[in-house]
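Single-letter residue listing:
Protein chains: 4
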Amino acid sequence: MKRRFEIEKELDAGFVVEARTGHRWFRDQFRVLYADTDKAGVVYHANYLKYFEIGRAGLIRANGRSYKEIEELGRFHPIVDLRVQLESYADYDDVLAVYARPLSIAPVKFSYEYVIRDDDESKLIAHGHTVHCCIDDHHKVLPVDPVTEQIFADFGLSRR
Amino acid sequence: MKRRFEIEKELDAGFVVEARTGHRWFRDQFRVLYADTDKAGVVYHANYLKYFEIGRAGLIRANGRSYKEIEELGRFHPIVDLRVQLESYADYDDVLAVYARPLSIAPVKFSYEYVIRDDDESKLIAHGHTVHCCIDDHHKVLPVDPVTEQIFADFGLSRR
Amino acid sequence: MKRRFEIEKELDAGFVVEARTGHRWFRDQFRVLYADTDKAGVVYHANYLKYFEIGRAGLIRANGRSYKEIEELGRFHPIVDLRVQLESYADYDDVLAVYARPLSIAPVKFSYEYVIRDDDESKLIAHGHTVHCCIDDHHKVLPVDPVTEQIFADFGLSRR
Amino acid sequence: MKRRFEIEKELDAGFVVEARTGHRWFRDQFRVLYADTDKAGVVYHANYLKYFEIGRAGLIRANGRSYKEIEELGRFHPIVDLRVQLESYADYDDVLAVYARPLSIAPVKFSYEYVIRDDDESKLIAHGHTVHCCIDDHHKVLPVDPVTEQIFADFGLSRR
Chain R
1 MKRRFEIEKE LDAGFVVEAR TGHRWFRDQF RVLYADTDKA GVVYHANYLK YFEIGRAGLI
61 RANGRSYKEI EELGRFHPIV DLRVQLESYA DYDDVLAVYA RPLSIAPVKF SYEYVIRDDD
121 ESKLIAHGHT VHCCIDDHHK VLPVDPVTEQ IFADFGLSRR
Chain W
1 MKRRFEIEKE LDAGFVVEAR TGHRWFRDQF RVLYADTDKA GVVYHANYLK YFEIGRAGLI
61 RANGRSYKEI EELGRFHPIV DLRVQLESYA DYDDVLAVYA RPLSIAPVKF SYEYVIRDDD
121 ESKLIAHGHT VHCCIDDHHK VLPVDPVTEQ IFADFGLSRR
Chain D
1 MKRRFEIEKE LDAGFVVEAR TGHRWFRDQF RVLYADTDKA GVVYHANYLK YFEIGRAGLI
61 RANGRSYKEI EELGRFHPIV DLRVQLESYA DYDDVLAVYA RPLSIAPVKF SYEYVIRDDD
121 ESKLIAHGHT VHCCIDDHHK VLPVDPVTEQ IFADFGLSRR
Chain E
1 MKRRFEIEKE LDAGFVVEAR TGHRWFRDQF RVLYADTDKA GVVYHANYLK YFEIGRAGLI
61 RANGRSYKEI EELGRFHPIV DLRVQLESYA DYDDVLAVYA RPLSIAPVKF SYEYVIRDDD
121 ESKLIAHGHT VHCCIDDHHK VLPVDPVTEQ IFADFGLSRR
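Protein chains in written order, with the working numbering: chain R, 1 to 160; chain W, 1 to 160; chain D, 1 to 160; chain E, 1 to 160.
Bear in mind the hints are in silico, worked out from the structure with no lab data behind them. Treat the hints with care, as some may be off.
Put simply, identical chains are the same to the list, so a pair is met inside one copy or across any two.
To be verified - Derived EDC-like pairs: lysine to aspartate or glutamate, alpha-carbon spacing no greater than 20 Å straight-line:
hint : residue 1 : residue 2
1    : Lys140    : Asp81
2    : Lys9      : Asp145
3    : Lys9      : Asp137
4    : Lys109    : Asp28
5    : Lys50     : Asp93
6    : Lys50     : Glu71
7    : Lys68     : Asp120
8    : Lys140    : Glu87
9    : Lys68     : Asp118
10   : Lys123    : Asp81
11   : Lys9      : Glu69
12   : Lys123    : Glu10
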């Protein structure tokens with residue numbers, strides 16, 4: 001069964017509320033580059049992960065921090081698992097919206113969920129998630145950093 | 001629990017047999033470009049999907065056909081679902097091996113499985129799968145094309 | 001000798017006037033993705049061509065047309081020559097400005113010039129140009145299409 | 001006038017001699033990925049710079065060193081100027097050859113030249129060059145490193 005995704009209302013700072021679930025999402029927009037397309041005339045699947053990155057970075061920034069700042073504090077968030085489900089396709093020059101929200105947090109892992117949509121037509125293009133761990137610059141796995149913990153806490157998610 | 005991946009023996013035409021499962025895989029090798037890395041000094045996660053593409057195209061070619069030929073016959077294989085699990089990381093200039101095999105086939109869907117490994121150290125870097133449907137050039141979903149069906153049949157997989 | 005690039009004043013619709021030359025440029029902004037960086041920690045050189053594309057597409061759009069529309073009219077603008085000069089480097093998460101303007105037009109060729117700058121610091125990062133020809137969907141070279149001719153004419157450039 | 005490029009003879013270790021000029025070039029081959037194409041059905045122009053990277057890295061390796069090793073010695077070779085001229089286009093799944101050779105060396109700059117060709121048809125696809133400087137990990141410009149100097153010397157080029 002296809003995922004549905006409807007926006008109920010818009011909040012400040014780029015946040016919106018999803019109708020069915022009540023989830024709060026960060027939203028940003030971008031335009032599909034020719035560089036992102038492939039010979040099938042649509043966005044090459046791997047590029048949705050770049051769009052997810054736009055959403056993830058924007059979500060952290062909308063919470064008053066930045067991933068760059070997290071790295072400057074000596075913590076890195078490599079992806080350990082990712083999934084992309086494609087419901088439709090996106091064309092060159094389309095203006096798309098990416099939605100991102102914290103999904104879950106555990107002592108050494110946390111994940112974000114994403115939706116890519118053509119907002120003009122309320123058309124769902126893709127959705128998925130990325131699971132991250134937190135490491136230092138020697139690739140040592142550490143507990144999730146306080147900046148990230150706080151962002152997830154703002155969404156009612158704790159690592160207990 | 002981490003996935004294990006050991007090769008039992010090498011066959012002709014780039015094929016190998018996995019020890020634990022007896023699965024037959026196609027294997028190809030490639031070198032990590034500087035262009036594939038990111039500021040963490042390792043391969044950017046989205047690029048594993050390009051490595052999966054190398055394995056998938058090579059697998060079809062090792063069966064005597066090519067994805068280009070499938071498109072010339074008017075069929076396209078867009079990805080509708082994909083997953084990448086990262087067990088370790090790959091560095092610039094590493095020579096990696098990609099392994100690919102048909103995973104499953106249904107009337108309107110089929111999937112490939114992949115493993116990325118540093119063969120020198122028997123180190124597993126990443127694994128995952130892609131799920132495809134079969135469409136014509138008007139984006140109409142069709143039954144899986146006979147070329148693909150035959151490749152999957154050679155691996156003992158039928159769409160029944 | 002390094003290129004200088006100073007803005008004298010801002011016009012409507014994203015256009016600005018360069019101080020030294022009086023040239024009119026289209027300006028857009030974008031943020032450097034992690035995906036754009038390489039293991040040297042800066043933007044991988046090939047990605048400046050994607051930033052040039054952002055400027056070129058925006059310039060056409062600011063003139064009331066779009067490159068997508070040109071393709072729908074059956075004309076394509078492949079690049080036949082390109083140059084990028086890098087004066088400095090750009091970091092992850094930097095907000096950069098791309099400036100683009102029509103540079104020259106001949107019966108079967110036309111070119112755009114670009115500047116990439118960190119506007120906050122008036123720091124020039126890169127500049128360059130792309131030379132295009134105009135073809136139909138059979139790769140036949142044709143005279144420059146009327147849409148493009150009009151855009152260049154608006155900048156005082158004719159193919160005579 | 002279009003560039004001509006004919007091979008006179010093959011040497012060891014991937015090197016060939018160009019007919020008209022007597023220049024010695026390193027040659028490597030690669031296959032065009034779907035990820036490299038765009039909606040025009042051909043290789044997106046920026047990707048030629050990745051193919052140039054394949055040639056440049058292979059050239060250094062064929063001389064018994066590697067760019068990775070140069071970086072481990074604390075020297076980096078950022079591109080400060082680059083040009084790509086496109087004579088034809090490359091399709092998905094084409095097997096292309098990249099040719100690379102040292103072009104010139106000065107106290108603080110050096111350059112490589114490249115040719116991309118479809119060897120089956122002796123068809124020239126693209127050619128160009130990249131100009132590099134040599135920096136340390138604090139972005140300080142330094143004289144060209146001895147490893148690079150030696151490679152250029154092997155091609156009869158010195159920085160005097």
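(request) With 20 Å as the alpha-carbon cut-off, assign the pair lysine 109 and aspartate 28 to within, between, both or neither. (result) neither (25 Å within a copy, 32 Å between copies)
(message) At most 20 Å between CA atoms: does that hold for lysine 50 and aspartate 93 within a copy, between copies, both, or neither?
(response) Classified as both; 16 Å inside a copy, 13 Å across copies.
(request) At 20 Å max between alpha carbons, let me know whether lysine 50 reaches glutamate 71 within a copy, between copies, both or neither. (result) within (19 Å within a copy, 25 Å between copies)
(request) Please work out whether the CA atoms of lysine 68 and aspartate 120 approach to 20 Å or closer within one copy, between two copies, in both situations, or in neither? (result) between (32 Å within a copy, 18 Å between copies)
(message) Regarding lysine 9 and aspartate 145, is the shortest C-alpha distance of 20 Å or less found within a copy, between copies, in both, or in neither?
(response) The answer is neither: 31 Å in one copy and 44 Å across copies each exceed 20 Å.
(message) At most 20 Å between alpha carbons: which applies to lysine 140 and aspartate 81, within, between, both or neither?
(response) within (17 Å within a copy, 31 Å between copies)
(request) Up to 20 Å between alpha-carbons, please classify lysine 140 paired with glutamate 87: within, between, both or neither. (result) between (37 Å within a copy, 14 Å between copies)
(request) Please work out whether the CA atoms of lysine 123 and glutamate 10 approach to 20 Å or closer within one copy, between two copies, in both situations, or in neither? (result) For lysine 123 and glutamate 10, the Cα distance is within 20 Å only inside one copy (18 Å; across copies 37 Å).
(message) With identical chains, the pair lysine 123 and aspartate 81 could be close in the same copy or across copies; at 20 Å between alpha carbons, which is it: within, between, both, or neither?
(response) This pair counts as between: shortest inter-copy Cα distance 17 Å, intra-copy 26 Å.
(message) One pair to classify: lysine 9 and glutamate 69, alpha carbons no more than 20 Å apart. Within, between, both, or neither?
(response) neither (30 Å within a copy, 33 Å between copies)
(message) One pair to classify: lysine 68 and aspartate 118, alpha carbons no more than 20 Å apart. Within, between, both, or neither?
(response) between (28 Å within a copy, 17 Å between copies)
(request) With 20 Å as the alpha-carbon cut-off, assign the pair lysine 9 and aspartate 137 to within, between, both or neither. (result) neither (41 Å within a copy, 38 Å between copies)
Hint compliance for this structure: hints 2, 3, 4 and 11 are not met, and every other hint is.
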